[in-house]
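These protein sequence lines map, in sequence, to chains A and B.
Positions 1 to 95 (this note's numbering) are the ones given, in order, by the first sequence.
Positions 1 to 476 (this note's numbering) are the ones given, in order, by the second sequence.
Hints may contain errors.
Listed next, the in silico BS3-like pairs over lysine-lysine satisfying Cα-Cα at most 27 Å (straight line) [claimed, not checked]:
#	chain 1	residue 1	chain 2	residue 2
1	B	Lys131	A	Lys16
2	A	Lys42	B	Lys98
3	B	Lys382	A	Lys13
4	A	Lys10	B	Lys98
No lab work stands behind these hints: they were computed from the structure.
These numbers come from a predicted model, not from an experiment.
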Amino acid sequence: MKFDKDSLYKLGKLSKIQIDESKLKSLSSDLGSIIEFIDRLKSIDTENVDPTSNSLDQSLVMREDIASDVNTANEILENAPQKELDFFSVPKVIE
Amino acid sequence: MISGWELVIGIEIHAQVKSKSKLFSSSSTEFGSGPNSQVSLVDAAMPGMLPVINKFCVEQAVRSGIGLNAQINKKSIFDRKNYFYQDLPQGYQISQFKDPIVGNGFIEIETDGQSKKVGIERLHLEQDAGKSLHDQDPNLTFVDLNRSGIALMEIVSMPDMKSPEEAVEYVKKVRSILRYLDTCDGNMEQGSLRADVNVSVNKPGDDLGTRCEIKNLNSFKYIHSAIIYEAKRQIKLIESGENIIQETRLYNIDSGETRSMRSKEDAHDYRYFPDPDLLPLILEDDWIKKIRSSIPELPDQKKERFIREYSLSEYDSSVIVSDKSTSDYYEKVVKDRNPKLVTTWVTSELFSVLNKKNLSIDESPISPNHLGELIDNIDSGKISSRQAKDIFEEMCETGESANNIINEKGLSQISDEGELEKLVDNVISSNAENVEKYKNGKDKLFGFFVGEAMKLSKGKANPKVLNELLKSKLNT
Numbered sequence: 001m002k003f004d005k006d007s008l009y010k011l012g013k014l015s016k017i018q019i020d021e022s023k024l025k026s027l028s029s030d031l032g033s034i035i036e037f038i039d040r041l042k043s044i045d046t047e048n049v050d051p052t053s054n055s056l057d058q059s060l061v062m063r064e065d066i067a068s069d070v071n072t073a074n075e076i077l078e079n080a081p082q083k084e085l086d087f088f089s090v091p092k093v094i095e
Numbered sequence: 001m002i003s004g005w006e007l008v009i010g011i012e013i014h015a016q017v018k019s020k021s022k023l024f025s026s027s028s029t030e031f032g033s034g035p036n037s038q039v040s041l042v043d044a045a046m047p048g049m050l051p052v053i054n055k056f057c058v059e060q061a062v063r064s065g066i067g068l069n070a071q072i073n074k075k076s077i078f079d080r081k082n083y084f085y086q087d088l089p090q091g092y093q094i095s096q097f098k099d100p101i102v103g104n105g106f107i108e109i110e111t112d113g114q115s116k117k118v119g120i121e122r123l124h125l126e127q128d129a130g131k132s133l134h135d136q137d138p139n140l141t142f143v144d145l146n147r148s149g150i151a152l153m154e155i156v157s158m159p160d161m162k163s164p165e166e167a168v169e170y171v172k173k174v175r176s177i178l179r180y181l182d183t184c185d186g187n188m189e190q191g192s193l194r195a196d197v198n199v200s201v202n203k204p205g206d207d208l209g210t211r212c213e214i215k216n217l218n219s220f221k222y223i224h225s226a227i228i229y230e231a232k233r234q235i236k237l238i239e240s241g242e243n244i245i246q247e248t249r250l251y252n253i254d255s256g257e258t259r260s261m262r263s264k265e266d267a268h269d270y271r272y273f274p275d276p277d278l279l280p281l282i283l284e285d286d287w288i289k290k291i292r293s294s295i296p297e298l299p300d301q302k303k304e305r306f307i308r309e310y311s312l313s314e315y316d317s318s319v320i321v322s323d324k325s326t327s328d329y330y331e332k333v334v335k336d337r338n339p340k341l342v343t344t345w346v347t348s349e350l351f352s353v354l355n356k357k358n359l360s361i362d363e364s365p366i367s368p369n370h371l372g373e374l375i376d377n378i379d380s381g382k383i384s385s386r387q388a389k390d391i392f393e394e395m396c397e398t399g400e401s402a403n404n405i406i407n408e409k410g411l412s413q414i415s416d417e418g419e420l421e422k423l424v425d426n427v428i429s430s431n432a433e434n435v436e437k438y439k440n441g442k443d444k445l446f447g448f449f450v451g452e453a454m455k456l457s458k459g460k461a462n463p464k465v466l467n468e469l470l471k472s473k474l475n476t
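Chain A on its own, in the form it takes in the complex (with noise of 0.2 Å):
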């Protein structure tokens, strides 16, 4: 199976990640693989099963609510490839 053209330009442009007409090729054969292996998931007959359904047989665990981390303003932007006066600063963006 292969993934086509418009859907590939579709998920690349929801992620904004932009596609090169030479790859093409390559990455609709290699995403249409990796679907196609996800994809034999769905011969298992799941009519009576629960979808979120798993193995621990638990429910979510919560915790109390109590503020711990504060000021962390200079080890958050630590990593941020761009900053100014504390905030993340990225290309404009216009609504």
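We have chain A already, so just place chain B on it with the hints.
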């Protein structure tokens, strides 16, 4: 609203949960801190970080659901809503799609004295996004992630509203209920509660029209005027033979217009799927029961009780209960006091001062205790209503208690009969001539005696008692 057309309105309210920490991380939620100072590694979506849900936020969602007369779902599931935006470091928002924590419910709203049910479709928990600042630099957008990951309750109504007034009443009522439940502070200016409004128009009897969504309205006034603008825009388009395109629009608070938000058009394919980092959320019956038993009296019940216990009118009761702080204030004052007097003083004198000074009741210059003390003095006849108004004004300016002002200025009214009798005797004996004239039929002189006695008392005599005394003395 516009003759020949019907309006259909549905509303999504985003209400920030009043929690100390975020929905899936322990960063603080405090408003107004320095940029990016409340961002954990989870909120910044550092690789390998895992979300852990805040129990308090889950509890507030359940409380709110109960307050909205809604079904509580014992099993709910968190999904990833995928989209790419600079204020969403994860690349997806954790939300609830197919299986929300709260299902169908309803609330009652009132417009023009008519009450009406508005259906609630659902309430779900989700993360808020960060904040983008577009106006700080000509070429850059600044991003602050403090808000990123804060818990929101998205409350989705049925498309049951038919006018801008109903839409506003609906949002007011939901806000009021959440404030009573204390699950959201309802502060619209700070963005703790904001509304997305879906509007469509159609001719009576026709199918529903295509709707447009106006995003992020954070005041009742904007909700009202955005709906009117949008309805008129759609009608104009249809009447000139054009089609309405289903889209997201932004309301411009300066021009009062809505405009298309094209940037989001491609983003509608959210590719929802259950978040593999989060197991299903299962609620125990006992826990739900415990929450249910802790639900306080809500506005509708309180309104009925105030009418019953304090003989308030429908209208006064609605006004007082619509805001929780106001009803708390009222109830503090009315305790063991004359309800009629308290209602008058709260709804006319106090409200007009608050309006004039643009203050909320929490910022009232007069505390419930101080107002109560003033009313006690009126009720016991110690001061007249005229004096009370002056004292009230001074209380507003100085924050002093009524008793202090009364004592300081020697304002208290003399109601003691013995004391007033002495005054009256004094007036009668020193105006013998006029007393004669009065007894001979010149009864207009009565006012003169009242005036003399008042003068003697330095204006402090209780007019009612004084009148009675004078009458009985002069007529014997």
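Hints and how they fare:
1. Lys131/B - Lys16/A: holds (20 Å)
2. Lys42/A - Lys98/B: The given pair, whose Cα atoms are some 21 Å apart, holds under the 27 Å limit.
3. Lys382/B - Lys13/A: Given that 27 Å is the threshold and the Cα spacing comes to 78 Å, the pair is violated.
4. Lys10/A - Lys98/B: holds (24 Å)
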